Amino acid sequence: MNKKQISFLSKGVIKLGFWFASLVLIYVIGKKAFLYTYNITRQPAAENRIAKEVEVQIPKGSTTKEIADLLQEKGLITNSLWFRIESRMNNYDSHFRYGTFTLNTTMDQEEIMKILQTGGEQEKGIKLTIPEGFTTQDIAKRVESLGLAKASDFLESITDAEEYGYDFIYQIPKRNHRLEGYLFPATYEIREGATPKEIVSKMLKKFEQVYTSEYQQRAEELGYTMDQIITIASIIEKEARLDEERAKMAGVIYNRLNQNMKLQMCSTVMFVLGKPKARLLYKDLEIESPYNTYLYEDLPPGPIANPGEASIRAALYPEEHDYLYFVVENEETGQHHFSKTGEEHERAKQKYNQKF
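Numbering (this note's numbering), first residue to last: 52 to 407.
Watch out, some of these pointers could steer you wrong.
[Stated by the list, open to error] Calculated lysine to any residue pairs in the SDA-like style (CA-CA distance at most 20 angstroms, straight line):
{"hint": "1", "residue 1": "K225", "residue 2": "E259"}
{"hint": "2", "residue 1": "K248", "residue 2": "I220"}
{"hint": "3", "residue 1": "K248", "residue 2": "E214"}
{"hint": "4", "residue 1": "K103", "residue 2": "P247"}
{"hint": "5", "residue 1": "K299", "residue 2": "E360"}
{"hint": "6", "residue 1": "K248", "residue 2": "T210"}
{"hint": "7", "residue 1": "K125", "residue 2": "D218"}
{"hint": "8", "residue 1": "K165", "residue 2": "G112"}
{"hint": "9", "residue 1": "K178", "residue 2": "K248"}
{"hint": "10", "residue 1": "K256", "residue 2": "H228"}
{"hint": "11", "residue 1": "K256", "residue 2": "P224"}
{"hint": "12", "residue 1": "K165", "residue 2": "T151"}
{"hint": "13", "residue 1": "K313", "residue 2": "P341"}
{"hint": "14", "residue 1": "K103", "residue 2": "V261"}
{"hint": "15", "residue 1": "K248", "residue 2": "E106"}
[As the list claims (entries may be wrong)] Quick list of simulated restraints, FRET-style, between CB atoms:
{"hint": "16", "residue 1": "D204", "residue 2": "E240", "range": "17 to 25 angstroms"}
{"hint": "17", "residue 1": "E382", "residue 2": "K201", "range": "35 to 43 angstroms"}
{"hint": "18", "residue 1": "G244", "residue 2": "N404", "range": "48 to 56 angstroms"}
{"hint": "19", "residue 1": "E337", "residue 2": "G198", "range": "36 to 44 angstroms"}
{"hint": "20", "residue 1": "Q260", "residue 2": "E395", "range": "38 to 46 angstroms"}
{"hint": "21", "residue 1": "Q188", "residue 2": "T246", "range": "16 to 24 angstroms"}
{"hint": "22", "residue 1": "Q188", "residue 2": "D218", "range": "23 to 31 angstroms"}
Honestly, the hints are just simulated from the structure, not real lab data. Since the model is a prediction, treat every value here as computed from it, not as a measurement. Idealized CB from N, CA, C, for every residue including glycine.
Using the sequences plus the hints, can you model the full thing?
What follows is the structure in C-alpha cells.
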C-alpha cells in the first residue's frame, strides 16, 4: 500500500469517525431534549399550580386525539401530542372510557390517564336533585337521605370555601353560611363513593357556568356586587311561586332599598327560624338577627337560600314600576297583590287574612 492509498484511507477513517461522533452527539442531545420536553409536558400546566377541580365530559366514541385536545383546551395538560405519545407508550391508547370525570389541575398526565380508564358514565350513579330555594341545610339532608354522605360531613365540607379554588368565591365576604346561595340547584349525577367535597364542587362548578360575565357586568351596571345580587335573588326565590312575578318582586326590593325602607320580607325571618311557617307571628318578627329584615334596613348579610337562574335574572333585570309592597292574594296559585301605598297594602292584607 503506497503513501497515497494510506493517506486516502486515513482521511476516510477520520471522516467516518467525525460523522459517527456527530451522530452520537446528536443522539445524546436529542435524547436529553426529548426527556426534558417529555418530563415538562407531562406535568400539570404552569398556570395550574393552584388546585382546582375541573369537570370533563368525554363523549362516547372519542378518539385519544379528541380526548387529548379536550384536556388541553380545559387547561389540564400542556401538549395534546405528548399526551397521545405517552398513552401509546404505556398501552393506555384505546382504553379510555367515556362519561363525566372530575379531574384536578395539579394532576400529571399519568394520573389523568389512569382516572380516564375508570369511572365515567359507565359506572352506576345516583341522581341528586336540588330544587330552587333549598338552603344548605336542606341540601345536606337530601344528600344524607340518598345515602351519599352524612349531613354533618356535607356541612363540614363547605366550611372552607376557598379550598375549592373557584374565582367567584373570592368575591363572597367571609362569614358563616359563606356558600349559601352558591350551591346551584339542579339535577346531578353523583357516582357511588363520591366525597362530600366532590358533590359540593359539582354545584359550585354549575354556578360558575350559570353566572356568566354578562351577569357580572350587569351587576356592576346596577352598582351591586355579585353577592348582593345573589342575596336579592335568594329572597325572590323564597317569596315567588310564579315566574312572571319574579322581576316585579325584584322591582319592589330595589324600590324599597332606594327609599331606605326596611325590606320586611317574611322569607328572611324564616331563614332565621330555620324552618318554614304557614304564618309568622308578631314575636317572630322581633327575633334578633341581622338577617331579620323587619328589624334591619338594607339587605341581609348574605343569601338565605340557593336561587335558580330565573331568580338571578330577575335580580339583574328588575321590572321598573312604583310598587313598594306585595302580599299573597291566592294561596292556591301563589299569586300576589302588588301595592304602591301602605294603605292599599293594608287593605290587601286584611282581605287575605279574612280567609283564615
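Going down the list of hints, with the structure as the test:
The straight-line distance between the Cα atoms of K225 and E259 is roughly 19 angstroms, inside the 20 angstroms bound, and the hint therefore holds. With a C-alpha separation of about 15 angstroms, the suggested pair K248 and I220 falls inside the 20 angstroms cut-off, and the hint holds. Distance check on the hinted pair: K248 and E214 sit about 10 angstroms apart at the alpha-carbon level, within 20 angstroms; holds. For the hint pairing K103 with P247, the CA-to-CA distance comes to about 16 angstroms; that is within 20 angstroms, so the pair holds.
Distance check on the hinted pair: K299 and E360 sit about 16 angstroms apart at the alpha-carbon level, within 20 angstroms; holds. For a cut-off of 20 angstroms, the pair hint linking K248 to T210 stands: about 11 angstroms separates their Cα positions. For the proposed pair K125 and D218, the alpha carbon gap of about 16 angstroms is at most 20 angstroms, so the pair holds. Note on K165 and G112: the hinted pairing holds, with a Cα-Cα distance of about 18 angstroms set against a maximum of 20 angstroms.
Of the pairs offered as hints, the one joining K178 and K248 holds, with about 16 angstroms between alpha carbons and a cut-off of 20 angstroms not exceeded. Simply put, K256 and H228 have alpha-carbon atoms about 18 angstroms apart, close enough for the 20 angstroms limit, and the pair holds. A C-alpha spacing of about 19 angstroms is found between K256 and P224, which places the hinted pair at or below 20 angstroms, so the restraint holds. At roughly 14 angstroms between alpha-carbon atoms, K165 and T151 fall within 20 angstroms of each other, so this suggested pair holds.
This hinted pair checks out: K313 and P341 have alpha carbons roughly 12 angstroms apart, not beyond 20 angstroms. Distance check on the hinted pair: K103 and V261 sit about 18 angstroms apart at the alpha-carbon level, within 20 angstroms; holds. Between K248 and E106 the CA atoms are separated by roughly 13 angstroms; this keeps the pair inside 20 angstroms, and the hint holds. Evaluation of the 17 to 25 angstroms hint for D204 and E240 yields a pass: the beta carbon distance comes to about 20 angstroms.
Checked against the hint of 35 to 43 angstroms, the pair E382 and K201 passes, with Cβ atoms roughly 37 angstroms apart. Here the CB-CB span from G244 to N404 is close to 52 angstroms, well matched to the stated 48 to 56 angstroms. Judged by the Cβ atoms, the range 36 to 44 angstroms given for E337 and G198 holds: they are separated by roughly 41 angstroms. Distance hint check: the CB atoms of Q260 and E395 are about 42 angstroms apart, consistent with the given range 38 to 46 angstroms.
Between Q188 and T246 the beta carbons are some 19 angstroms apart, a value that agrees with the proposed interval 16 to 24 angstroms. As the Cβ distance of Q188 to D218 is approximately 26 angstroms, the hint placing it in 23 to 31 angstroms holds.
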